[in-house]
Amino acid sequence: GGIITQTPKFLIGQEGQKLTLKCQQNFNHDTMYWYRQDSGKGLRLIYYSITENDLQKGDLSEGYDASREKKSSFSLTVTSAQKNEMAVFLCASSIPTGVAEQFFGPGTRLTVL
Amino acid sequence: QQQVRQSPQSLTVWEGGTTVLTCSYEDSTFNYFPWYQQFPGEGPALLISILSVSDKKEDGRFTTFFNKREKKLSLHIIDSQPGDSATYFCAASGSNNRIFFGDGTQLVVKP
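First to last, the protein sequences are chains A and B. Counting from 30, one number per residue, gives the positions in the first sequence under the working numbering. Counting from 5, one number per residue, gives the positions in the second sequence under the working numbering.
Hints are supplied without guarantee of correctness; some may be wrong.
What the hints assert, rightly or not - Lysine to any residue pairs mimicking SDA-like chemistry, simulated, CA-CA at most 20 Å apart:
hint : chain 1 : residue 1 : chain 2 : residue 2
1    : A       : LYS70     : B       : LYS61
2    : A       : LYS38     : B       : PRO12
3    : A       : LYS70     : B       : ASN100
4    : B       : LYS61     : A       : ALA129
5    : A       : LYS70     : B       : SER89
6    : A       : LYS70     : B       : LYS60
7    : A       : LYS70     : B       : ARG102
8    : B       : LYS60     : A       : LYS51
9    : A       : LYS38     : B       : PHE43
10   : B       : LYS75     : A       : LYS112
11   : A       : LYS51     : A       : VAL128
12   : A       : LYS70     : B       : ARG9
13   : A       : LYS86     : B       : ASN100
14   : A       : LYS70     : A       : LYS112
As the list claims (entries may be wrong) - Listed next, the stretches of chain A that the computed footprint assigns to chain B, with coverage defined by at least 3 CB atoms under 8 Å from CB atoms of chain B:
hint : stretch
15   : 74 to 80
16   : 133 to 140
Just so you know, these hints were derived from the structure itself, not from any lab. Note that beta-carbon positions come from the ideal geometry of N, C-alpha and C, so glycine has one too.
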C-alpha cells in the first residue's frame, strides 16, 4: 500500500497573501490531482498532472498555480488568498487511466483572515 | 453545466434500514462510475465502482446499480449501520484522466 501526505494540515493566511500547499505520494503513481472542497459541496478540480513536468488546468484553476517538481510531489500555490476560497484542498494520485481509483490525502484546511 | 448530479443532499436513516442514494450524469461517453465515501477530517476513499458494461455490482452490504439508457445510477446500503455515517460522492469518468464528482450526500444512520 501507499500513502499521500499533505502539508500543512491547517493553513492560515491573510487576504492577498501567497500561500503554498504541498503533497507527497509513495504509490509511484504517474498522475496527481488538486481538488478544492467547499463546505457541503463536491470536489472541484483545480489542476492535475499526468506525469512529471506536466500540468493541466482543471475547472477552477484561476487564482492558483501548480508545480510537479518530481513524480512523487505536487504543489499548489494560492496566488492571492481571498476570503471566499476558504475550503479544504485535497490532493490525489492515480495510475494514468480514466478507470483508475484515485487515492486521496487527508486535506489541507485553508483559513483566510 | 454540472456533469454529475446527486440526490438527496442529506439523508437520515435508522440502524438496520436501507439507504438509497441516486445520481445522474450528462456525458454519454462516461464509462466508469465510482462511489467514494468520506468521513470527517479524512479524504474520500473508493467504496465501490461499476463500469458501463454492467448494470449491477455488489460488495457486501453495498450495491450499485447502473442504467445506461437513463444515464442514472444508485447506491444501496442494506442493514445500514451507524459506522456508515459519512458523506458519499457519486462520480463519473471517461477516456481521459479526469473524474467528475457530484456534490455529495451526507448520510446519518441513527442507532
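**Message:** So, against the hints stated earlier in the document, which numbers end up violated here?
**Reply:** 1, 2, 3, 6, 8, 10, 11
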